[in-house]
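Peer 1: Here's the letter readout for the chains.
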Amino acid sequence: MSAKPIVAQEVNASKMKSTHYSLVFMLAIALLASCHHDAAIQPEPPVERVPTAFQGVKTVSLAGVSVEVVIDKPALPKVDVLLLFHGTVMYDSLILGAAQNTLEAFKRITDRSDLMFVSVAYPEQNLLMGDNLLHAEAALLWVKNAAESELGVEIGKIFLAGHSQGGYLAVRLNHLYETDGVVANAPGPLNLLYRCDLEERGVLPSGMACTLIRNTFGPTTTHPWAYHSRSLLAFTAIQKSPLLLVQGMNDSPIQMQNWPTFKQQLAACTACDSVQVLELLQAGHGALFERAEARPVYNGFLGR
Amino acid sequence: MNTYKQDLTAHTKVVAPPQSFDIRVGGKTVKLHAIQSGEVAVKANFYEKKGPGPLSKLNILLGNAYTPYLPIWVWVIEHPEGSVLIDTGERHLANDLNKHLANESWMLRFQFMHAARFDVLREQEVDLQLKQLGIQTADIAKIVLTHLHLDHTDGLVHFPKTEVLVSKHEMRTAKNTMPTTYPKGLKMKGVDLKCGDFQYFNRVAPLSASGDLWLVETPGHTHGHAAVLWKTDEFDIIFAGDVTYDQNQLLQGTLAGVHSDFAASRKTMRNILAHASKFPTLYLPSHDVNALNNLRQRRFLS
Chain H
1 MSAKPIVAQE VNASKMKSTH YSLVFMLAIA LLASCHHDAA IQPEPPVERV
51 PTAFQGVKTV SLAGVSVEVV IDKPALPKVD VLLLFHGTVM YDSLILGAAQ
101 NTLEAFKRIT DRSDLMFVSV AYPEQNLLMG DNLLHAEAAL LWVKNAAESE
151 LGVEIGKIFL AGHSQGGYLA VRLNHLYETD GVVANAPGPL NLLYRCDLEE
201 RGVLPSGMAC TLIRNTFGPT TTHPWAYHSR SLLAFTAIQK SPLLLVQGMN
251 DSPIQMQNWP TFKQQLAACT ACDSVQVLEL LQAGHGALFE RAEARPVYNG
301 FLGR
Chain P
1 MNTYKQDLTA HTKVVAPPQS FDIRVGGKTV KLHAIQSGEV AVKANFYEKK
51 GPGPLSKLNI LLGNAYTPYL PIWVWVIEHP EGSVLIDTGE RHLANDLNKH
101 LANESWMLRF QFMHAARFDV LREQEVDLQL KQLGIQTADI AKIVLTHLHL
151 DHTDGLVHFP KTEVLVSKHE MRTAKNTMPT TYPKGLKMKG VDLKCGDFQY
201 FNRVAPLSAS GDLWLVETPG HTHGHAAVLW KTDEFDIIFA GDVTYDQNQL
251 LQGTLAGVHS DFAASRKTMR NILAHASKFP TLYLPSHDVN ALNNLRQRRF
301 LS
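Chain order of the listed sequences is H and P. Be aware that the first sequence starts at 1, since it is given in my numbering, and climbs by one per residue. Be aware that the second sequence starts at 1, since it is given in my numbering, and climbs by one per residue.
Hints may contain errors.
In silico PhoX-like pairs for lysine-lysine, Cα to Cα no more than 20 Å straight-line [said to hold, decoys possible]: (1) P:K131 to H:K144; (2) P:K175 to P:K187; (3) P:K13 to H:K263; (4) P:K175 to P:K131; (5) P:K175 to P:K161; (6) H:K240 to P:K175; (7) P:K131 to H:K240.
Some residues of chain P that are not near chain H, with every Cβ distance over 10 Å (derived) [as the list claims (entries may be wrong)]: (8) E39; (9) G134; (10) A263.
Worth flagging that the hints you see were computed from the coordinates, not collected in a lab. Backbone N, C-alpha and C fix where the C-beta goes; we use that ideal spot for every residue, glycine too.
Kindly produce the complete structure, drawing on both the sequences and the hints.
Peer 2: Next comes the structure, spelled out in C-alpha cells:
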C-alpha cells in the first residue's frame, strides 16, 4: 500500500519535468519571436495628454493644516494661477460659498482666459485675526509645490488677490512669500488698535475680531501690541512682490481714517517691491468689482 | 523690586524682522541673528519669587497680576562649522494654550494656563524668520536647547530632522515639558557635561571643534538648565536661557518664583557674575527686553 503512491509520484514528477522543459522551450521561442517582432515596430509618437478643464473643490494640506480650495482650471496645458481670498463671513459654514463667490467675482473682471483660479475657503470663526494665515500659506505652498503634479498642468506665474480680509491675508502673505504680484481690494483691518478702542468706548458696536483679541489679551490699554501687530499697518516694512492696492474712497469711515497712513507707510517702505495704488472716488468697499475704470488697471497688472 | 518695567521703545511700529550682528571669531566675521518669536507675559509671582520655598509656588497660582509681555528670543549663530540655533521659541498656536496643550495632562495644562500668556504671530515663528534671513530650516546643523520649557521647545516642530542637543541632566530631570508638541521622530541627544577648564562653570561640554562654543551648566531655573557660552575674539557671550529673565535680575540677585532650585539659582548667578568679572561678557537672557540694546551697545556685565 505504501509503495504505490511513491511510484505514482515519481511517474508524475518525470511527466511534470518533461512538460516543464517543453513549456520553457516554447516560452523561449515565443520570446525570441516577440523580440524580433518588437524590433520591426516603429517607435510610437509620444501621446499628447489632452488638457481638460476642471471645476471643483479640493482639500489641500500642508504640515497638518488642511484647507478647501475651489478650483476653476481652463483646458490648457499651461496656466498662470490667481490664488484668491474671500472677505469676512459670519460663520465657517459660509466660507465655501464665499470662496465660490469670490472666484466668480474675480473671474467676471478678468480678461485673461489662460488663468487658473484657486479660491481659498480659509476659516475665520474663533480665530484671532490673521491666525488663518496658516491656511492661506498652506494653499499658496500647495500651488507652488504640488498643484502641477496633482492637477496635471504646468504652472507659470502665480498671483494672489483678495477682497477686504482676503486682501489683508494676501498682503500678509506678500510679507513672507515672493509671487508674481498681489492685488488687494480694500484690504483690512488696517488698524485694529483704533477700531477696537472705538468698540471699547462704545462708539462702535462690538465685532468678532476685537472681541476675540480682547478676550485673549485684555483691552487695548493693557496690551496694545496685540491689536497693532494684527493690523495691516504693522506689515508695511516688507512686501516681497509687486502690489496693486484698490481702494474706494467712499469705504467705511474706519477704513478711510487709516488708509492715508497705510499708503504713506508703503510709499516710504525701502524693502518693498513696487506698490501701485488705485483710489476710486465715489466708490465703496467693492470698488474693484463695481467700477469699470478699475478693470483695465487690474488686467494690466495681471498681464505683466 | 520688579525689574520688568516694559521698554515701550522695543515695540516698533511694524512686525520687526530678525536683527543681525557681526561678531569676530577666530579672526573671521560670524553672523549672529536675534529672532523674536513672539512675546510672553507671566504671573508677577512667577517672574519674581514671592514668599518662602514651596509657598512661592502656590503664590504663582494665587496671584492675579501679570508682567507686561516680554520677548521670546531665539539666537542663530552662522558658525563656520555649521549654523547653530539656540532654543526654538514659540508658535502662534500657543495663543490658545487650552487647545495647543489639549493632549497634555489636565494638571500641566491648568498650571501653564494660570502662569503664562503668549502672543505670537505666525510670521514670528522661527522657520519664517529664518527664511527672511535666507536660511532654510534644513541649513541648521544643530539646535541647542537651554532647557525643555515650551517657549524654548515649541519651534522644534519646524526641525524634525535636525540634531537637537540638551544637557543630559535636563533630559533626565525636566518637569513641565510638553512632549505632545514635539515633532514625530524627534531625536533629542543628551549632552554629558563634564568638569572642564572654565573656572566658574562646574561642568561644560564643547559644542564646536574649534573650542569657541560651549554648553555650560547653569542649574536653578530647571535642575538641568544649561547656557551657551560663546568665546569670541573680543568678549564672551552667554546665551542665558532663563537663568534670569533679564540682566537686572542677575545684577540684583532677584530670584524668579518659578525656579526649581533657588539655592542652585543663586550659585549659578554668582558664577556668571564671577565669570563676567574676569572676562568681558555680554549676558543675553531669553526674555530680556533690553537684550538687543545690550548687544548692540556692547553693555558688558562687568
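Peer 1: Now, for every hint given, state plainly whether the structure supports it.
Peer 2: Verification of the hints:
| no. | hint | in the structure |
| --- | --- | --- |
| 1 | P:K131 to H:K144 | 16 Å, holds |
| 2 | P:K175 to P:K187 | 19 Å, holds |
| 3 | P:K13 to H:K263 | 15 Å, holds |
| 4 | P:K175 to P:K131 | 32 Å, violated |
| 5 | P:K175 to P:K161 | 24 Å, violated |
| 6 | H:K240 to P:K175 | 42 Å, violated |
| 7 | P:K131 to H:K240 | 12 Å, holds |
| 8 | E39 | 7 Å, violated |
| 9 | G134 | 12 Å, holds |
| 10 | A263 | 35 Å, holds |
In this structure, the hints that do not hold are numbers 4, 5, 6, 8, in rising order.
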